[in-house]
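**Q** The primary structure of each chain is shown beneath.
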Amino acid sequence: MLAHAGNLDGVRASTVGGDLELALADQRWQYFTELGGGRAHLGDDIGGLSGRAGIGVRWIARSVQLEREGAIEMTLEAFTGVERYWWDTGARRTRPDLGAGVGWQLRWFHHITLRSTARVVFAPSDRDLAVCRGECPARMSATNAGLMAVIGVSR
Amino acid sequence: MKALLVLLALTGTAAADGKLGWRIGGLRAPLGERDLTTFSLGLEIEHPLACDLRIYGEYDFLWVTDRASDTMDFTGSGHRAGAGVRHRLLGATAARLIHFYVDGELGGGMVLASTPNGAVVVPHAIAGLRAGYTLHGWEPELMVRALAAEHGAGAMLGFGMLWGD
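Top line first, the protein sequences correspond to chains A and B.
If you use my numbering, the first sequence corresponds to residues 17 to 171, in order.
If you use my numbering, the second sequence corresponds to residues 143 to 307, in order.
Read the hints as simulated data drawn from the structure, not as lab findings.
Source: prediction; values computed, not measured.
A few of these clues could be false.
These stretches of chain A come out as covered by chain B in the derived footprint (C-beta under 8 Å, 3 or more residues) [as the list claims (entries may be wrong)]:
id	region
1	18–25
2	70–81
3	159–171
Here are the computed distance ranges between Cβ atoms for each label pair [as the list claims (entries may be wrong)]:
id	chain 1	residue 1	chain 2	residue 2	range
4	B	His293	A	His127	51 to 57 Å
5	B	Gly168	A	Leu82	28 to 34 Å
6	A	Arg44	B	Glu175	42 to 48 Å
A virtual CB, placed ideally from N, CA and C, is assigned to each residue, including glycine.
Bound conformation, chain B alone:
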């Protein structure tokens, strides 16, 4: 239910200037003392800071799935909030219509999730790449992230879309 409240809050922010979008993805990372797989559904808002630098805030709802033992599956849920900056590394425009890009990003966040060992809070740092294109202010993109947390490193993959003003 907390996720619904966060989604509603971000929905309210949607009316503000900047880019708004969503993404789906997967995360494999040490949550607590064990590596867990989660699937995520998230919202993101972005604002430009300088010409090729943008700041973003994001929220992901996490669905945690794992085999807790030989005889029992575990499914749980969680939340991830984060913020960071992204900067254009490469860009090319085709036919004066579509702009292809590769962006680098640095950021951090916090995961709160239920695991087979109970609830965990995992602060983490991220570094990643995003590749996509812009068409009339619409940006579909792929995302690859490395994640560093207290008990090790993980990876996050995602596909999402952003809409401009």
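Isolated chain A (complex conformation):
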């Protein structure tokens, strides 16, 4: 599951949906690809769908062993991807993103892993496409920033 709250060209935007990840593990490193999507909202009035494809790398920064049954681990990750929005108004928007995240995972050896990650996501702003209702900010940042939460189970 994923939830993303951010900014799309000067307007508050959010997505709630699902995320599918495929990862390769090497010691304390994981290299992953992900594909996600969900229901998106732009401001208070506009709805739509969003999709995202990305790649990233995850590092297990700290690990605490729980007897012989598992571990609680701290993860740090960096990722990049492409977001696509299909708004109900007919408008479309595609933008790349880049980010970093922190998280924790509860791992049962040889069984499953429960992971929760919080991410900071940056995407370029398209000032020409800014949607302002009434007035626009005097200075719009060249970068849109947001937060993303991802919770899931893997094995």
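For this one, chain A is given, so just place chain B on it according to the hints.
**A** Showing chain B alone in chain A's frame:
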């Protein structure tokens, strides 16, 4: 993008001795001349100074959200860096396995954030409490902080985890 560089720098520090952790939280404080709500995602490193005294450094990425006027929302971002000390106030161990604690903390920091009125720099002092438990060196904890800045006081709530060596 500055946030990414800071995160990378702190990630490098992660290899050093001491505790390392992260937290998520919310902050309601006067940034500039108006109260703003921010959500934060941060990293923290800690080192012991004495038996129950620890020094910490922290970085938070801030996502600022507010209704700038009746017709327009405002979203921005910012950064917060801080440092302080924490001291154990209460502690109890259960079943020789889990140690519950309440810590007090004092510190200060600096916020650099974009607001509806432009970019602001807000130095501030903090005092707070943290409550949690230690299990094999893993410390999940809740944090409540009062924040004092030039234009008034604010509050910061957070939930985080620290990992020992």
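**Q** Now tell me if each hint is right for this structure.
**A** Hints and how they fare:
1. 18–25: As far as the region 18–25 of chain A goes, the hint holds, because 3 residues have Cβ atoms under 8 Å from chain B.
2. 70–81: Answer holds; 6 residues pass the 8 Å Cβ test.
3. 159–171: holds (count 4)
4. B/His293 with A/His127: 51 to 57 Å: holds, 52 Å
5. B/Gly168 with A/Leu82: 28 to 34 Å: holds, 30 Å
6. A/Arg44 with B/Glu175: 42 to 48 Å: Holds, since A/Arg44 and B/Glu175 (Cβ atoms, about 47 Å apart) stay within the stated range.
Going through the hint list in order, the structure satisfies each hint without exception.
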